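Starting from the given sequences, assemble the full structure and let the hints guide the process.
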Amino acid sequence: MAEPSGTAVKYTEKQETEGQKTEKQETERQEADIDALAQRLDRAWEERFTIPPLTESEGVTDAATAYAIQTRWTALRVARGERILGRKIGLTSKAVQEQMGVNEPDYGTLWASRYFPTVNGRAEAPIDIFLQPRVEGEIAFLIGETLDTPGVTPQQVLAATEALAAAIEIVDSRIDNWRIRLADTIADNASYGGLTLGPWSRDLRKSDLRTLGMIMSHNGHPAVFGVGAAALGHPATAVAWLANKLQSFGIPLRAGDIVISGALAATIPARRGDIFVLEMHGQPPITLRFV
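The opening residue of the sequence shown carries number 1 in the UniProt record's numbering; numbering runs sequentially from there.
In case anyone wonders, no lab produced these hints; they're calculated from the structure.
Remember, it's a predicted structure, so these values are computed and weren't measured experimentally.
Among these hints, one or two may not hold up.
When the alpha-carbon atoms are kept at most 16 Å apart in a straight line, the in silico EDC-like pairs for lysine to aspartate or glutamate are as follows [to be verified]:
hint: 1; residue 1: K206; residue 2: D148
hint: 2; residue 1: K245; residue 2: D148
hint: 3; residue 1: K245; residue 2: E82
hint: 4; residue 1: K94; residue 2: E82
Between beta-carbon pairs, the in silico distance windows are [said to hold, decoys possible]:
hint: 5; residue 1: R202; residue 2: F49; range: 40 to 48 Å
hint: 6; residue 1: G273; residue 2: Q155; range: 37 to 45 Å
hint: 7; residue 1: H281; residue 2: E56; range: 40 to 48 Å
hint: 8; residue 1: E162; residue 2: A95; range: 29 to 37 Å
hint: 9; residue 1: Q39; residue 2: I251; range: 30 to 38 Å
hint: 10; residue 1: G220; residue 2: A159; range: 14 to 22 Å
hint: 11; residue 1: R205; residue 2: S57; range: 43 to 51 Å
hint: 12; residue 1: D35; residue 2: N120; range: 41 to 49 Å
hint: 13; residue 1: D62; residue 2: H281; range: 26 to 34 Å
hint: 14; residue 1: V227; residue 2: S57; range: 35 to 43 Å
hint: 15; residue 1: E98; residue 2: P52; range: 35 to 43 Å
hint: 16; residue 1: P52; residue 2: R202; range: 43 to 51 Å
Where a beta carbon is used, it is the ideal one built from N, C-alpha and C, also for glycine.
What follows is the structure in structure tokens.
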């Protein structure tokens with residue numbers, strides 16, 4: 001066989017160089033698109049308006065791109081002074097997963113600017129900062145030891161948990177009329193709106209979280225009931241999923257992180273003047289009023 005000519009070798013090298021250049025340009029274009037969508041969501045959050053679903057208007061359909069948008073949005077906020085409290089887990093109900101056509105939860109970031117502390121068990125949230133808020137009752141974990149080894153189990157989560165608390169999460173959507181698919185809610189920081197916590201309890205770690213019950217009252221009337229098993233069968237299973245999912249992106253679940261582990265019952269729309277009371281077995285009630 002004849003030895004390849006110098007011209008052929010140079011041509012092949014030129015093809016490879018052009019291919020690398022095209023790939024680099026495509027990567028840069030994708031990065032620019034991610035930046036633009038993160039900025040669009042940030043503006044919707046700050047100026048309080050909704051946008052069409054990204055799955056429809058921008059063709060964002062895969063979870064990896066959606067998480068990249070969420071990460072970039074959080075980075076924008078952190079650069080302006082936002083503080084990260086921890087993580088939230090969504091889509092922990094099998095029924096909701098089937099409705100969304102997915103087989104795992106999603107996660108978002110808890111931003112401290114939307115944490116509403118309780119005073120004597122009561123907190124207030126200004127309704128005007130939200131778009132289409134809803135509330136749900138959850139169990140919060142305070143992580144005491146960093147979880148960064150492969151294959152985190154629910155047992156490891158419980159061993160690493162410093163304390164637990166009842167939590168009221170405010171979910172909200174920057175997407176028109178909550179018309180979301182999986183990629184929409186991931187990009188939109190898992191539809192995070194805000195958070196209120198009850199007191200941290202170390203004793204609660206001794207409870208069977210699967211059967212831990214809660215009642216959410218709305219304006220003085222019991223509205224929804226739930227148990228811990230609603231979150232992937234056990235809230236610690238949901239947190240273990242989160243730890244492993246974060247590791248797939250090179251992010252540990254760190255000591256000091258707060259994790260809200262998923263809704264225990266259906267969400268309830270919130271309006272100005274509404275009062276929600278979350279009662280969790282063995283814990284003092286927490287009240288959230290929208291003003």
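Now for the hints, and whether the structure bears them out:
1. K206 <-> D148: Roughly 24 Å separates the two Cα atoms, so the pair is violated.
2. K245 <-> D148: Holds, at about 11 Å.
3. K245 <-> E82: 23 Å, violated
4. K94 <-> E82: Judged against 16 Å, a Cα distance of about 33 Å means the pair is violated.
5. R202 <-> F49: 40 to 48 Å: 43 Å, holds
6. G273 <-> Q155: 37 to 45 Å: 44 Å, holds
7. H281 <-> E56: 40 to 48 Å: 42 Å, holds
8. E162 <-> A95: 29 to 37 Å: 31 Å, holds
9. Q39 <-> I251: 30 to 38 Å: 22 Å, violated
10. G220 <-> A159: 14 to 22 Å: This hint is violated: roughly 40 Å between Cβ atoms.
11. R205 <-> S57: 43 to 51 Å: 45 Å, holds
12. D35 <-> N120: 41 to 49 Å: Distance hint for D35, N120 holds at roughly 44 Å.
13. D62 <-> H281: 26 to 34 Å: 40 Å, violated
14. V227 <-> S57: 35 to 43 Å: 38 Å, holds
15. E98 <-> P52: 35 to 43 Å: 25 Å, violated
16. P52 <-> R202: 43 to 51 Å: 46 Å, holds
Checked against the numbered hints listed earlier, the structure breaks hints 1, 3, 4, 9, 10, 13, 15; every other hint is satisfied.
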